[in-house]
Amino acid sequence: MRGLTMAARQPVVLYGSTPATVGVNVAADISDELALRNWSNRLLQIRELRFAFETATPHLIHDPLIEVSLRIGNEEVTNGFVPIGALHWPADSRVTFTGNSTAPSAAMPCRAGFALPVFLAPGERIHAKFRLPANFDTSVSALRFHAGAACKIVEGVDPRSGYLPWFSGYTAVARTVAGIYVERSDPSVFQNNFQTPLVVDRFIGNWDLDPTRETIASAATLDDYAYGAKLIRVRCEDHLGNQLVRDATPFGVVFDQTRRYWRAKTLLAPKGFFRFTLETDFRSLTLFPRAIIGMLGFRPSSR
Amino acid sequence: MALNSANPVILSSNVLITSTSGPTAFDAGALTNLSRSPIEIRELIVTAVGQNTGAPRASALGLVKIKGKFNRQAMTSGLVSVAALGPARSWEGENIGNLPQMSSYLSGRGFAAQVRWQFHRPIVLAPGAGFTFETAMDADDIALLASAPDNMRVTLAFIGRDLVQGAEVPKAQLVPYISDARLNVNNVAGTGGNKTFLSQQHELTNPNASPLTVRRIVGRRFYVNTSAPSAFLMVNASAETSNYASASDLTKELFNFQFPDRTKLCADRTPFHMVFGQRAFIEGEFIVPPTARCVAELFSVQRDYTGLTKNNEVVKLGIVGDRPEVV
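Chain order of the listed sequences is A and B. Start counting the first sequence at 42; every next residue gets the next number (our numbering). Start counting the second sequence at 18; every next residue gets the next number (our numbering).
To be clear, the hints were calculated from the coordinates, so they are not data collected in a lab. This one's a predicted model, so the numbers in the text were calculated from it and none came from an experiment. It is possible that part of the hints are untrue.
Taking CB as the label site, the calculated pair distances span [said to hold, decoys possible]:
(1) Pro158(A) <-> Gln218(B): 36 to 44 angstroms
(2) Ser325(A) <-> Val318(B): 41 to 49 angstroms
(3) Asn115(A) <-> Arg279(B): 46 to 54 angstroms
(4) Gly121(A) <-> Lys212(B): 37 to 45 angstroms
(5) Ala215(A) <-> Gln218(B): 56 to 64 angstroms
(6) Arg112(A) <-> Ser38(B): 40 to 48 angstroms
(7) Asn82(A) <-> Gln218(B): 28 to 36 angstroms
(8) Val186(B) <-> Gly282(A): 57 to 65 angstroms
(9) Arg279(B) <-> Leu281(A): 53 to 61 angstroms
Here's a subset of chain B near chain A, in silico, CB distances under 10 angstroms, partners left out [claimed, not checked]:
(10) Val32
(11) Leu33
(12) Leu191
(13) Phe214
(14) Val231
(15) Thr268
(16) Phe274
(17) Lys281
(18) Gly294
(19) Arg296
(20) Glu300
(21) Gly301
(22) Glu302
(23) Phe303
(24) Pro307
(25) Phe316
Beyond 12 angstroms from chain A on every Cβ pair, some chain B residues (computed) [what the hints assert, rightly or not]:
(26) Leu96
(27) Val181
(28) Pro288
(29) Met291
(30) Val312
Using N, Cα and C, we set each Cβ at its ideal position, and we do this for glycine too.
Produce the entire structure from the sequences given, and follow the hints as far as they go.
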């Protein structure tokens with residue numbers, strides 16, 4: 042299959058999957074030689090990355106907290122392990138990390154689309170590693186990770202004119218006691234570690250639905266927009282003290298309640314950073330959702 | 018107030034169809050440009066609304082087919098499923114009023130489904146020119162259902178804008194074209210074993226004299242409930258409905274697609290939902306020469322339906338693009 046001559050602009054899907062051990066933190070790699078590799082002999086443009094998780098038994102999921110580490114070719118494109126909830130925005134909120142309490146369950150493929158051209162050279166590969174959160178549903182009997190990329194062939198394009206994505210993510214502190222909390226992301230999380238300005242395309246905001254594995258009914262309640270609208274408020278500033286979000290603003294307003302992202306389209310200077318402040322009012326709750334914030338940026342590719 | 022040259026225009030027509038009515042024509046006059054200036058048409062929106070209310074019924078998106086022409090040029094390879102026309106806006110949007118678990122609060126409502134076919138290049142309709150379309154329900158799908166689906170009102174709406182009087186109408190235009198395929202993934206219940214389903218000779222083909230440039234491949238998966246109430250819902254990978262157990266996991270529906278030059282979309286069989294994603298389509302361009310065809314392959318892993326109420330699913334696929342008009 043590899044090395045086939047394909048037509049210009051022809052679609053190509055790359056895919057790989059791997060089993061994982063449930064109940065412990067594992068780093069799983071996709072070992073198949075063809076998996077997630079550009080098996081054509083043409084340059085590919087990656088349009089969308091997709092992830093999914095599949096279990097053999099019903100479970101109430103922590104999928105947004107499953108962490109992924111990605112490389113495109115030899116280049117790291119995630120800031121270490123990043124929670125899936127930080128790099129995914131759904132077509133609509135109902136397909137976010139959906140689990141099923143009565144059926145073997147698979148989350149709908151998460152998706153991260155690229156607004157700028159990201160290329161994959163012939164033979165080059167996307168390396169994906171997954172890590173389970175410490176509190177993942179231990180009743181699940183088997184789990185499989187899936188990763189894919191929707192691509193198309195491009196021609197007449199200099200690969201060096203492309204970009205590399207840069208994902209980083211922040212997960213709020215897990216809370217177990219009702220109360221009011223304020224926390225800030227560390228500057229190193231949303232920092233531009235490169236020598237060139239980072240084109241920040243969007244910030245992504247999700248939350249873990251059911252951290253304590255209560256009933257599905259509780260999860261349904263937690264999925265209410267009220268959580269985003271009322272209980273988690275967000276501020277954001279950059280390294281120069283500029284206030285991107287000056288006043289504490291509901292999570293579901295900063296991150297569109299359906300699409301779950303904020304299309305910021307801004308530049309971040311080298312060594313610059315963004316800091317998010319979360320103000321949460323969990324006084325009336327017995328279950329405590331965890332906010333997950335992500336940033337998708339692009340840097341010029343010199344490959 | 019005088020109309021200006023960029024006025025938006027919608028040409029629309031609707032008909033009521035039943036499960037036995039067969040192909041029913043839309044009013045050709047309503048889909049004709051009756052003004053003195055050309056009209057530029059950018060997309061077709063197909064909407065189907067059930068005529069009854071109450072418990073969830075068969076999805077219009079899954080069952081309705083259309084067939085049409087522009088300037089005596091076929092736009093469809095016969096009657097094609099509207100599910101193959103365009104991307105999903107969202108999974109939820111595909112299933113409004115249909116979800117069993119939503120029935121408690123949607124009780125008393127009917128259902129609707131809508132899909133958009135966006136044209137790569139607008140069609141310019143000269144004064145007096147128009148579309149001729151007809152619609153019907155898919156008899157093969159109806160045969161799978163325990164009870165006849167509701168009557169449906171199907172509406173076509175061509176969306177565009179007026180051009181100035183005397184604006185030039187291209188002699189040969191790009192005609193939007195779709196060829197579809199239907200894979201009935203049945204007979205895998207119980208001890209049926211693993212099976213491979215291939216699209217047929219007349220499906221995903223270009224029967225025209227001019228090459229077809231495909232702009233996207235559309236793919237949706239529906240489950241069929243063979244007991245009442247009838248249901249024909251688009252499913253996502255997590256199979257929202259609880260009685261779809263064991264058919265839900267990704268690795269039991271593996272897909273690949275062969276282009277006319279025999280190259281393939283995926284290096285190996287790939288989970289259907291990883292190919293088409295949340296929005297039920299994949300973008301890209303390829304040519305289907307006259308009389309050539311593509312082949313879709315679905316590998317269905319044996320599953321245990323013991324105690325379950327359904328044992329059929331149907332996959333609808335479309336290659337959607339355009340071809341030069343043959344003058």
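Checked against the structure, which of the hints given earlier come out wrong? 3, 6, 10, 11, 12, 13, 24, 25, 28 and 29
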